[in-house]
Amino acid sequence: MQREEKQLDAALEALLQRINDLKTSIRTLLFRLENEYASLSWPSFLDSYAVISGQMNTLLKVMKNDKTPLLRNLIVLPLVLSPDPDEELKQATEGRVVAFSHDITPDMLRTKPDPDVEQRQNQFEQRASQVPPETAQKQINALNKVVNHVLEQITHSREDWENEATVRAAAAQTCVMADTHTLIAAVGLGKNLKTLPIAAPAQPGPGRAQAGPAPGKTTSTIKTTIKAASQVHPYNR
Amino acid sequence: MAGNQNPISAIDMLTSALRSNIIPNQEYLLQGSVIDSSAEVLHNRLRGLCDAAETGPETFHDHEMCFSLKASSPGGTPQQQQSFLLRVRRALDHPEYPWQLRYLGQPELGEKNQPTVLRSCIDIACTPNVVEFLSELGCRIEFEYVLKGYLFRKGRMKVTMSKIFRMGQAKSPDSLEAMTGSYLVELSLLAPSGQDAVADEIKVFAEQLRPLVHLEKIDYRRLQSYS
Amino acid sequence: MEDFFTNNSVCVSVEAPAENLVQEIAYDGQEVFQLPLTLSENLTKQAHKIDWIKREDDDNDDDTHSATVTTEKKVEEDSKKADFQTSSWPWDSVRNKLRSALTEVCVLADVLVIAKDKRYMVLDPVQQEQPDQRQLAQLFSKKRGLTAAANILLHGAERLKISQSDTARAKSNQDFHLELLRLRQSWTLKKIGNSILGDLSYKSAGSRFYQTGIFEVTKSEDPDQELSLETTSENQSKQSMIKVTIPPELGGTAYIQVTIQKDQDILCTTNVNLLHTSLIHSDPSRDANPWTSKLEAAQNVLFCKELFSQLAREAVQLQAAIPHMVVGNQITASLFPGIQLSIHFQSSYSAGVDKRQLVSNNSTSLVAKVDHNYILEHSLHQLLRQVHLNNVGQPVPHPSSAPLGPTKRRRLAGPHAYDRDELLLMTKNESILEQIIRQGQHVVLRLRTMFVIDSIAREIRDPLIISHWNVLNSPTLSCVKIIIMTHGYDTLQRTALVVHVGEKTLKCVCRDGRVLQMSYEPQELRDLILCQISQHQINAVQSLARFLGWHVASSSAHLGLGPVEPLGNASSCILSSPSGNRILSVRCGPQAAQPQVYLSTYPRHDTEKNKVLTDIRWEQLNTRYEEVRLEKIEGRNFLSRMELLMASLTCRLPMNWE
Numbered sequence: 001m002q003r004e005e006k007q008l009d010a011a012l013e014a015l016l017q018r019i020n021d022l023k024t025s026i027r028t029l030l031f032r033l034e035n036e037y038a039s040l041s042w043p044s045f046l047d048s049y050a051v052i053s054g055q056m057n058t059l060l061k062v063m064k065n066d067k068t069p070l071l072r073n074l075i076v077l078p079l080v081l082s083p084d085p086d087e088e089l090k091q092a093t094e095g096r097v098v099a100f101s102h103d104i105t106p107d108m109l110r111t112k113p114d115p116d117v118e119q120r121q122n123q124f125e126q127r128a129s130q131v132p133p134e135t136a137q138k139q140i141n142a143l144n145k146v147v148n149h150v151l152e153q154i155t156h157s158r159e160d161w162e163n164e165a166t167v168r169a170a171a172a173q174t175c176v177m178a179d180t181h182t183l184i185a186a187v188g189l190g191k192n193l194k195t196l197p198i199a200a201p202a203q204p205g206p207g208r209a210q211a212g213p214a215p216g217k218t219t220s221t222i223k224t225t226i227k228a229a230s231q232v233h234p235y236n237r
Numbered sequence: 001m002a003g004n005q006n007p008i009s010a011i012d013m014l015t016s017a018l019r020s021n022i023i024p025n026q027e028y029l030l031q032g033s034v035i036d037s038s039a040e041v042l043h044n045r046l047r048g049l050c051d052a053a054e055t056g057p058e059t060f061h062d063h064e065m066c067f068s069l070k071a072s073s074p075g076g077t078p079q080q081q082q083s084f085l086l087r088v089r090r091a092l093d094h095p096e097y098p099w100q101l102r103y104l105g106q107p108e109l110g111e112k113n114q115p116t117v118l119r120s121c122i123d124i125a126c127t128p129n130v131v132e133f134l135s136e137l138g139c140r141i142e143f144e145y146v147l148k149g150y151l152f153r154k155g156r157m158k159v160t161m162s163k164i165f166r167m168g169q170a171k172s173p174d175s176l177e178a179m180t181g182s183y184l185v186e187l188s189l190l191a192p193s194g195q196d197a198v199a200d201e202i203k204v205f206a207e208q209l210r211p212l213v214h215l216e217k218i219d220y221r222r223l224q225s226y227s
Numbered sequence: 001m002e003d004f005f006t007n008n009s010v011c012v013s014v015e016a017p018a019e020n021l022v023q024e025i026a027y028d029g030q031e032v033f034q035l036p037l038t039l040s041e042n043l044t045k046q047a048h049k050i051d052w053i054k055r056e057d058d059d060n061d062d063d064t065h066s067a068t069v070t071t072e073k074k075v076e077e078d079s080k081k082a083d084f085q086t087s088s089w090p091w092d093s094v095r096n097k098l099r100s101a102l103t104e105v106c107v108l109a110d111v112l113v114i115a116k117d118k119r120y121m122v123l124d125p126v127q128q129e130q131p132d133q134r135q136l137a138q139l140f141s142k143k144r145g146l147t148a149a150a151n152i153l154l155h156g157a158e159r160l161k162i163s164q165s166d167t168a169r170a171k172s173n174q175d176f177h178l179e180l181l182r183l184r185q186s187w188t189l190k191k192i193g194n195s196i197l198g199d200l201s202y203k204s205a206g207s208r209f210y211q212t213g214i215f216e217v218t219k220s221e222d223p224d225q226e227l228s229l230e231t232t233s234e235n236q237s238k239q240s241m242i243k244v245t246i247p248p249e250l251g252g253t254a255y256i257q258v259t260i261q262k263d264q265d266i267l268c269t270t271n272v273n274l275l276h277t278s279l280i281h282s283d284p285s286r287d288a289n290p291w292t293s294k295l296e297a298a299q300n301v302l303f304c305k306e307l308f309s310q311l312a313r314e315a316v317q318l319q320a321a322i323p324h325m326v327v328g329n330q331i332t333a334s335l336f337p338g339i340q341l342s343i344h345f346q347s348s349y350s351a352g353v354d355k356r357q358l359v360s361n362n363s364t365s366l367v368a369k370v371d372h373n374y375i376l377e378h379s380l381h382q383l384l385r386q387v388h389l390n391n392v393g394q395p396v397p398h399p400s401s402a403p404l405g406p407t408k409r410r411r412l413a414g415p416h417a418y419d420r421d422e423l424l425l426m427t428k429n430e431s432i433l434e435q436i437i438r439q440g441q442h443v444v445l446r447l448r449t450m451f452v453i454d455s456i457a458r459e460i461r462d463p464l465i466i467s468h469w470n471v472l473n474s475p476t477l478s479c480v481k482i483i484i485m486t487h488g489y490d491t492l493q494r495t496a497l498v499v500h501v502g503e504k505t506l507k508c509v510c511r512d513g514r515v516l517q518m519s520y521e522p523q524e525l526r527d528l529i530l531c532q533i534s535q536h537q538i539n540a541v542q543s544l545a546r547f548l549g550w551h552v553a554s555s556s557a558h559l560g561l562g563p564v565e566p567l568g569n570a571s572s573c574i575l576s577s578p579s580g581n582r583i584l585s586v587r588c589g590p591q592a593a594q595p596q597v598y599l600s601t602y603p604r605h606d607t608e609k610n611k612v613l614t615d616i617r618w619e620q621l622n623t624r625y626e627e628v629r630l631e632k633i634e635g636r637n638f639l640s641r642m643e644l645l646m647a648s649l650t651c652r653l654p655m656n657w658e
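Protein chains in written order, with our numbering: chain X, 1 to 237; chain Z, 1 to 227; chain G, 1 to 658.
It should be emphasised that the hints constitute simulated quantities derived from the structure, not laboratory data. Watch out, some of these pointers could steer you wrong.
Restricting the straight-line Cα-Cα distance to at most 25 Å, the calculated cross-link-like pairs of lysine to aspartate or glutamate (DMTMM-like) are [stated by the list, open to error]:
| id | chain 1 | residue 1 | chain 2 | residue 2 |
| --- | --- | --- | --- | --- |
| 1 | X | Lys23 | G | Asp92 |
| 2 | Z | Lys112 | Z | Asp51 |
| 3 | G | Lys143 | X | Glu5 |
| 4 | G | Lys142 | X | Glu4 |
| 5 | G | Lys294 | G | Asp419 |
| 6 | Z | Lys112 | Z | Asp200 |
| 7 | G | Lys191 | Z | Asp93 |
| 8 | G | Lys143 | X | Asp114 |
| 9 | X | Lys67 | X | Glu4 |
| 10 | G | Lys118 | X | Asp103 |
| 11 | X | Lys112 | G | Asp199 |
| 12 | Z | Lys154 | G | Asp199 |
| 13 | X | Lys61 | X | Glu118 |
| 14 | G | Lys305 | Z | Asp51 |
| 15 | Z | Lys112 | Z | Glu216 |
| 16 | G | Lys97 | X | Asp47 |
| 17 | G | Lys97 | X | Glu125 |
With these hints in hand, go ahead and build the complete structure from the sequences.
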């Protein structure tokens, strides 16, 4: 029970998150529509729509997620009605619900879809009821087949495109990161540039002293010298 | 004239100039490289993008010597010992130009959203006997190399693409050995401190060279372990 | 409160109960009142009751003023909405859909939030039977969705197909691209977003003028019109497919007029303009591309603006003895006392067409009066270009890590320990205005010099004054050679002098090697030439005398005798005839129109009366000098008369010689 409740909470949290995202983007789009409609360009508008539709999809995904309890099996149960304004409630709902009163609760408990949607749904139902079950099954199968085929084609060509792009990018390889590093290390630190140090070991190389770990407080001069000298060696080649 | 009578005033003027941020001592830098086979493409692109396209490419052929100076404060402990690099550079193709003594500070990468590396930078023009002078001061030559390449200008920005050569044992310019099969590409801008807006300008320009060359913030101190 | 709003719509005012409605009565008889409506809720509620149409007919009631304001706002909003619906707002259905979607989402969010809170509502798990799948209904809805999506795709594909297959379209497109290519060959273009922008400024040439020269390139006209025209005639097909839109501030025409004035007299004028008439007519490609002239005109305006603003800035900055004035579109600088250089910026854009015509009339008449000074025009062009070049042509640093900017000399300054003077010398940079002023001064000085020489040549016919101006000269230095000689005796004596006309001074090199510096005052040159003339006459007489076998007894270029000349000195010479019995004295002063000649002869005619000195040698004493009235002698000029005089004196031996 505990676990389920927790799961429910988490799912609710996730849902709310998505819904809020959705809300924000719809609001932004509305705002833009109302205030910048003169300069609004069709592509950017479509982009906004794409964002919304993407958010819808993620919302649906969250709902279908395994960890989300079956929402169908949950009902909204009002516990108490109160006409008193509840500041907390107000804040949580961004000022939309001031009090959990008689006025507003029925809206919340609504189970019917939007009239438009309902009407459309009814149309479909009606049409569906006119078709005999065998034909229906056939149609479903046919549609699935076609859709799968199209989907396959689309993914196929998409792969092709992406391949092409990557091939092109690979062909236009114009810089090597390793070379960049070699060159910069050479110019900045003299890496691979230092000539055979004949008298060099007497003094620590400055580049290394800078870059290497700072000698500890106990390290003596002699020690650093030795360290430096040993460090010079690898570059001699 | 007044400076002769009162040498302090010159220093005062210098410090006040420093304080009022009019000395360009900050270098905004992005680095990258391009392989030799694509160098020509980059060269053409830069010619198109940069100023003075009609005068043709400017070439350079420089020799740089890096000196290290171990500066220890008198009576200081070894921990306070610091050494830094002084770079002396001369133009091999233009012997009549003065030599350049250059100090480069530690590159600051800053935050992730800072577009470029920032390092302090002091340039002094000098005569060829700077080498002896530095030796007298106790500087020791650390390494040297030769650069050959092209220089471009875009407003205040400077773009160099240079081939780095190792000096041979003979130390003559003939015995040059290229470090890599790539050109080092540097995009830099020298400005007084506090003009961070120019960094964005540099970033925008660097974006225009993609994907031919990726100019990035690279901290060479991190390349220490890289072999 | 209640009636306050109600009043608004319903004429009959209904008194609302003073207190809030009773929501419920508890079993113990306590009344629970309904919460007062919040303002917005109230408004929404009341808004439903308002009869908008009726409201419009009604008069405003004063006591419902505040409400009226609110409702009117609503009305406004509604009417706005109506506007959107009817014409300019195609987004309305979209917005309504979005609105309702937003409402739904908000309600969903609220329900979830409240349920999560668990105070008022909870999500209660119940067992429910598996709903029937109703696959077929889903099928229909999916089908419908797919059809809609497919339709959109097909529609797009159709349009693409049409645009490609439509040959006319394709052709016009091709033309457009060809022209774009041609445009690109001479102008900077780049594509930003969906528009093609060009730049006609001199930025790439080094200009740092603030004004941008961005222009937009669009495809001209709608293709339908093009289609209909295409069939009609060939001329129409030549119509350009490209339309360039230049910023309004660069429209029209502009030029800079430079005039040099002395009081009201215009000494010199020039119009600076990129669009030279000769150029416009000579270039055949201009007809082919109508945009060329438009862009060039705009570029010209930009050029003139930049030039003028640069000059104006310099005029303000320059510390001149007589400060330069910048008033409106005019810069005035003083060249010499009383002589002014004024630079006008003339633009047809600011004042419209009438002014343009006025200006052009004006300018043509001016040009007709005073000839156009091409050198000054050229110089202005050249100078601005030079500034540009200096901006661009920064020296390249060597070694490559050296900072950009400083010149080679400045780089060397440190290592070579330049002193203050050398450094100051390096910073000296002459502005355009200064150079123009110097050129203007030169122009004035040259005009003056010309005038002086010409007027002297006109005044003095004898000797002849010939001036020869060098063809090659610099904008601030020209050179004139003045030759003084006498007609018919040019091989005998030529006096030449060279005058270098500078900016403020004249330098005169005389025949004898003397170098004279003179100020810009024309009188000085005049005096010099007059002196030279007088000396020329004396020298010429001497040469002539030698030619004729006379002796030059003495000559002096600076005679200390006789009346004092107002300027310079008179010169003179004394000539004696071969036999020595005739002596001529010639004196010529700079101010005198003609030289004076005096003759003395021996034997004296009056010696006969001298009874004391009987010896013949006393007869050889000269008589007093008598002036010869040269104008009575025949001859075209002074020298020919002198020749005649000397010849006659030579041959006519004294009667009582033996």
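Hint check results:
{"no.": "1", "hint": "X:Lys23 - G:Asp92", "result": "19 Å, holds"}
{"no.": "2", "hint": "Z:Lys112 - Z:Asp51", "result": "30 Å, violated"}
{"no.": "3", "hint": "G:Lys143 - X:Glu5", "result": "39 Å, violated"}
{"no.": "4", "hint": "G:Lys142 - X:Glu4", "result": "34 Å, violated"}
{"no.": "5", "hint": "G:Lys294 - G:Asp419", "result": "53 Å, violated"}
{"no.": "6", "hint": "Z:Lys112 - Z:Asp200", "result": "13 Å, holds"}
{"no.": "7", "hint": "G:Lys191 - Z:Asp93", "result": "40 Å, violated"}
{"no.": "8", "hint": "G:Lys143 - X:Asp114", "result": "21 Å, holds"}
{"no.": "9", "hint": "X:Lys67 - X:Glu4", "result": "10 Å, holds"}
{"no.": "10", "hint": "G:Lys118 - X:Asp103", "result": "19 Å, holds"}
{"no.": "11", "hint": "X:Lys112 - G:Asp199", "result": "62 Å, violated"}
{"no.": "12", "hint": "Z:Lys154 - G:Asp199", "result": "17 Å, holds"}
{"no.": "13", "hint": "X:Lys61 - X:Glu118", "result": "23 Å, holds"}
{"no.": "14", "hint": "G:Lys305 - Z:Asp51", "result": "23 Å, holds"}
{"no.": "15", "hint": "Z:Lys112 - Z:Glu216", "result": "12 Å, holds"}
{"no.": "16", "hint": "G:Lys97 - X:Asp47", "result": "17 Å, holds"}
{"no.": "17", "hint": "G:Lys97 - X:Glu125", "result": "24 Å, holds"}
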